[in-house]
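Novice: Going down the list, the protein sequences come from chains A and B.
In terms of the numbering used here, the first sequence has 35 at position 35, counting the first letter as 1, and numbering is strictly consecutive.
In terms of the numbering used here, the second sequence has 34 at position 34, counting the first letter as 1, and numbering is strictly consecutive.
Among the clues, some could well be false.
The list that follows gives simulated cross-link-like pairs (lysine-lysine, DSSO-like), each with its CA atoms no further than 30 angstroms apart [stated by the list, open to error]:
hint, chain 1, residue 1, chain 2, residue 2
1, A, 13, B, 58
2, B, 58, B, 69
3, B, 104, B, 58
4, B, 49, A, 57
5, A, 57, A, 13
6, B, 69, B, 104
7, B, 58, B, 99
8, B, 69, A, 13
9, B, 49, A, 13
10, B, 99, B, 69
11, B, 49, B, 69
12, B, 49, B, 99
13, A, 57, B, 104
14, B, 49, B, 104
Everything labelled a hint here was simulated from the structure, so no lab data went into it.
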Amino acid sequence: KAGVTQTPRYLIKTRGQQVTLSCSPISGHRSVSWYQQTPGQGLQFLFEYFSETQRNKGNFPGRFSGRQFSNSRSEMNVSTLELGDSALYLCASSLGRYLRDEQFFGPGTRLTVL
Amino acid sequence: AQSVTQLDSQVPVFEEAPVELRCNYSSSVSVYLFWYVQYPNQGLQLLLKYLSGSTLVKGINGFEAEFNKSQTSFHLRKPSVHISDTAEYFCAVRGEDDKIIFGKGTRLHILP
Chain A
1 KAGVTQTPRY
11 LIKTRGQQVT
21 LSCSPISGHR
31 SVSWYQQTPG
41 QGLQFLFEYF
51 SETQRNKGNF
61 PGRFSGRQFS
71 NSRSEMNVST
81 LELGDSALYL
91 CASSLGRYLR
101 DEQFFGPGTR
111 LTVL
Chain B
1 AQSVTQLDSQ
11 VPVFEEAPVE
21 LRCNYSSSVS
31 VYLFWYVQYP
41 NQGLQLLLKY
51 LSGSTLVKGI
61 NGFEAEFNKS
71 QTSFHLRKPS
81 VHISDTAEYF
91 CAVRGEDDKI
101 IFGKGTRLHI
111 LP
C-alpha cells in the first residue's frame, strides 16, 4: 500500500506570493492533518480535515487555508507569503476521526521564502 | 491548555548503551500519548502510543515507554541503542479537544 505522498517536495517562493501544497493520503484514509515544522517553533498543528470538512484548526493566521476533496486528497494554501513561512510542511493521514487513530506522515514539502 | 516538555534537546549515548528520552505533559483531562521518530529528510514515524490499559507500552525497533499519571510523564527507553537509532524523537499528546501537541524534540546522537 502506497504511503502518504506530498507534492512538490521542495519549493522556493518570494515574499508576497502564494503557494499551494498537495497531499495524497493512504488509500482508504479519510482524515488529513497538516503541520508546520520549523527549528524555532518545532511542530505545530495547522488544521485537520475529515470527509471534506475542517474538524480542527491550529493558531495560524487566515493566510493559511486548506481544503479536502471527495477523494480525500488535500491541499493547503498560503497567501501573501512571509519570510517566517519558510518551513517543512508535513501532511498526515489516518483512517478515521478517532483520537486513537494512528497518523501516517508524508515526507513533507520544504518551502523556502526569499 | 495542553503542553508537552521534552527536557533534553540533545542526548549523546554510546552504541549498545541504554537510553532514556524524557517527556512530561500537562493536561487537565484524559490524553493519548505518542512517541514519533524523524530520520533526516523524512516525515515522522510512530514508535508507540499509549491509549489506555497497561502503563508500559512496547513499540517498534525495541523502544518502550512508561506512562506515569502521577508524574505526568511518558519517558521513552531502549536498553541498547544502535547507530541506526540516530534521529530526532518527538513526544506528542492528544486530548479531548482533539488537537495534537508536539514537544520540541530530542536529537539522539549515537557515539561509536
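Novice: Residue 49 of chain B and residue 104 of chain B: Cα distance at most 30 angstroms?
Specialist: This hinted pair holds, its Cα atoms lying about 18 angstroms apart.
Novice: Taking 30 angstroms as the top limit, are the C-alpha atoms of residue 69 of chain B and residue 104 of chain B close enough?
Specialist: Since the Cα atoms of residue 69 of chain B and residue 104 of chain B sit roughly 21 angstroms apart, the hinted pair holds (cutoff 30 angstroms).
Novice: Given the hinted pair residue 13 of chain A and residue 58 of chain B, is their Cα-Cα distance within 30 angstroms?
Specialist: This hinted pair is violated, its Cα atoms lying about 43 angstroms apart.
Novice: Is the straight-line distance between the alpha-carbon of residue 104 of chain B and that of residue 58 of chain B 30 angstroms or less?
Specialist: Holds, at roughly 23 angstroms.
Novice: Would you check the hint for residue 58 of chain B and residue 99 of chain B, treating anything up to 30 angstroms between C-alpha atoms as holding?
Specialist: holds (24 angstroms)
Novice: Holds or violated: are the alpha carbons of residue 99 of chain B and residue 69 of chain B at most 30 angstroms from each other?
Specialist: holds (20 angstroms)
Novice: Has the given pair, residue 58 of chain B with residue 69 of chain B, been kept, meaning a C-alpha gap of at most 30 angstroms?
Specialist: Roughly 17 angstroms separates the two Cα atoms, so the pair holds.
Novice: Against the 30 angstroms threshold, does the CA-CA distance of residue 57 of chain A and residue 104 of chain B hold or violate the hint?
Specialist: holds (20 angstroms)
Novice: So if I understand the rule, the pair passes when the alpha-carbon distance is 30 angstroms or less; does residue 57 of chain A with residue 13 of chain A pass?
Specialist: Judged against 30 angstroms, a Cα distance of about 25 angstroms means the pair holds.
Novice: Holds or violated: are the alpha carbons of residue 49 of chain B and residue 99 of chain B at most 30 angstroms from each other?
Specialist: The given pair, whose Cα atoms are some 16 angstroms apart, holds under the 30 angstroms limit.
Novice: For residue 49 of chain B and residue 57 of chain A, compute the direct alpha-carbon distance and say whether it is at most 30 angstroms.
Specialist: Status holds; Cα separation ~23 angstroms.
Novice: Hinted pair, alpha-carbon criterion (30 angstroms max): residue 49 of chain B, residue 69 of chain B. Please report holds or violated.
Specialist: holds (15 angstroms)
Hint compliance for this structure: hints 1, 8 and 9 are broken, all remaining hints hold.
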